[in-house]
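Kindly generate the complete structure, drawing on both the sequences and the hints.
Number of protein chains: 2
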Amino acid sequence: MPRLVDHEVRRREITDAVRRVIVGGGLEAVTFQTVASEAGISVRLVQYYFGTKSEFLLATHRSVMADAGARFMQRWTALGADATPREAIRAVLTELLPLDSQRREEAIVLGAFGTAAITGQGITAEETFAAPRALATIVTDQLRRAQVADASAHRIHPDLDADLVLMAIGGLAQGMLQGYGTAKSAVELVDHLLDRVLGTET
Amino acid sequence: MPRLVDHEVRRREITDAVRRVIVGGGLEAVTFQTVASEAGISVRLVQYYFGTKSEFLLATHRSVMADAGARFMQRWTALGADATPREAIRAVLTELLPLDSQRREEAIVLGAFGTAAITGQGITAEETFAAPRALATIVTDQLRRAQVADASAHRIHPDLDADLVLMAIGGLAQGMLQGYGTAKSAVELVDHLLDRVLGTET
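Protein chains in written order, with my numbering: chain A, 1 to 202; chain B, 1 to 202.
Just so you know, the hints here were simulated from the structure itself, not pulled from any lab data.
Predicted model, so just to flag it, every value in this text is computed and none were measured.
Misleading hints may appear alongside valid ones.
No distinction is drawn between identical chains; accordingly, a pair holds when it is met within one copy or between any pair of copies.
Computed list of lysine to any residue pairs in SDA-like fashion (alpha-carbon distance at most 25 Å, straight line) [claimed, not checked]:
#1 LYS184 x ASP141
#2 LYS53 x GLU95
#3 LYS53 x ALA130
#4 LYS184 x ARG155
#5 LYS53 x GLY24
#6 LYS184 x ASP16
#7 LYS184 x ARG90
#8 LYS53 x GLN178
#9 LYS184 x SER101
#10 LYS53 x ARG12
#11 LYS184 x PHE32
#12 LYS184 x ARG103
#13 LYS53 x ILE123
#14 LYS53 x ALA134
#15 LYS184 x PHE129
#16 LYS184 x ALA130
#17 LYS53 x GLY25
#18 LYS184 x ALA117
#19 LYS184 x ARG12
#20 LYS184 x ILE123
#21 LYS184 x GLU126
#22 LYS53 x GLU13
Below, the structure is given as C-alpha cells:
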C-alpha cells in the first residue's frame, strides 16, 4: 500500500520540520507558515495532514517520544539479563542526556513542551507526564533489585532514590542545554550520582 | 527627589507586569501591547521607560534576581554563625524551590528565560549563568566545611557534590512547576538529597 507509506513519510517530514523550527526559535516560532517553509512544502499541504496547530504539535511530541523510546528499548535489550542494577540505571540515564545532536534536539523539543505546559500553552501536562512516570517505574524496579542484593550498611530507599535520580538527571539535561559543563563532566556526574544513591564499593 | 522615586516605581510596575504576562502565557506572550495592557498604562509610556523589548526583559530578569537575592540574604543572615553546613545548604535549597506563590512566579519567569536562552531568544546565557555560579560557590564552601568536620567513613567531594545538589534542585523546581509532587514531598526529597550527599548519622 504505497499510499499509506507516503502518508506516514509525509507526516514525518512535517513533524521533523516542527522539531527544527522549535530548536531554531522555540515553540513560539511554530506556525503553519514556518513549518511549511522549513519542510519545503505548501501551507495547504501541511493543513491537509494536520488540521490544527495542536494536531501537529501533539504528533511532534509523540514522534520524539517514539524515537527516544525505540532507542531506549534497543539499549535496554542490548544490556542483557545479567546487567547489574547500576549498569541498567546508568544506561537509562545516559540515554536521556543530550550527549549527541539527536538527543540534544529531542531534549530541546521536550523541554520546550514542558515549559509551555507550565503556562498552559503547547500540549497538556498529562501528555508530558507519561514518559517520566514510565522512567520512574524502571528506575524504582532496578533500585529494588539493588536493595535486595545489597549486603552493606548503605540503605537504599527505592522510591525516594528514584525521584532523586530522575530530578537530578532532569536538572543535568536542562543545564547541559543551557551550556553548563561538557559531555565528560555530565557522565562523571551521573557516576557520582550512582555512587551517592547505590553506595560506593568500599 | 520625588521624580527619581516615581521613575523607579514606574519601572517596577512595568517589570511586575512583564512577570505576570510571562506566567500567564510564556515569554512569547510578551509584547509592548500586552505589557502596557497588563500594567494599565499606555504603550507610549512603556516605551518612555524602556526603548526596546530586550531592555524590559533584561530589567525583569534583574528584578527577579534582585528579589530572590534579597530574600536569600535575609534567610542567610537569620541562620547565624553557628548554623551547621547541612542547615545552611538546606536553607539555600528550600529558598530556591517554588514553595509559595512568589517563588513560583520567580521560578516560572527564570525558567522561561532559561529555556529561551537555549534557542537564542530572550536574554543571553551569560545573564542566566550568574546566579547558578554564585550558588555553586556557596554550596561548595559549605560542603568543604562539612568535609573538615566529618569524622565518618563517608567521603564528601565538595565540587562534584555541589554540582549534584544544584542539578537535583533545578530538576526538582522544574518538576514542581510542571505539577509533580507536593510541597511536602519536595522538602522530603531535599532532606533525602542532603542525606545522600552529607551522609546520614548512623
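The hints, checked one at a time:
| no. | hint | in the structure |
| --- | --- | --- |
| 1 | LYS184 x ASP141 | between (27 Å within a copy, 24 Å between copies) |
| 2 | LYS53 x GLU95 | neither (30 Å within a copy, 38 Å between copies) |
| 3 | LYS53 x ALA130 | within (21 Å within a copy, 36 Å between copies) |
| 4 | LYS184 x ARG155 | between (29 Å within a copy, 22 Å between copies) |
| 5 | LYS53 x GLY24 | both (18 Å within a copy, 20 Å between copies) |
| 6 | LYS184 x ASP16 | neither (29 Å within a copy, 40 Å between copies) |
| 7 | LYS184 x ARG90 | within (14 Å within a copy, 28 Å between copies) |
| 8 | LYS53 x GLN178 | between (27 Å within a copy, 22 Å between copies) |
| 9 | LYS184 x SER101 | within (15 Å within a copy, 37 Å between copies) |
| 10 | LYS53 x ARG12 | within (15 Å within a copy, 36 Å between copies) |
| 11 | LYS184 x PHE32 | neither (39 Å within a copy, 43 Å between copies) |
| 12 | LYS184 x ARG103 | within (16 Å within a copy, 33 Å between copies) |
| 13 | LYS53 x ILE123 | within (10 Å within a copy, 27 Å between copies) |
| 14 | LYS53 x ALA134 | neither (27 Å within a copy, 41 Å between copies) |
| 15 | LYS184 x PHE129 | between (29 Å within a copy, 20 Å between copies) |
| 16 | LYS184 x ALA130 | between (29 Å within a copy, 23 Å between copies) |
| 17 | LYS53 x GLY25 | both (16 Å within a copy, 17 Å between copies) |
| 18 | LYS184 x ALA117 | between (31 Å within a copy, 22 Å between copies) |
| 19 | LYS184 x ARG12 | neither (33 Å within a copy, 42 Å between copies) |
| 20 | LYS184 x ILE123 | neither (33 Å within a copy, 27 Å between copies) |
| 21 | LYS184 x GLU126 | between (33 Å within a copy, 22 Å between copies) |
| 22 | LYS53 x GLU13 | within (15 Å within a copy, 34 Å between copies) |
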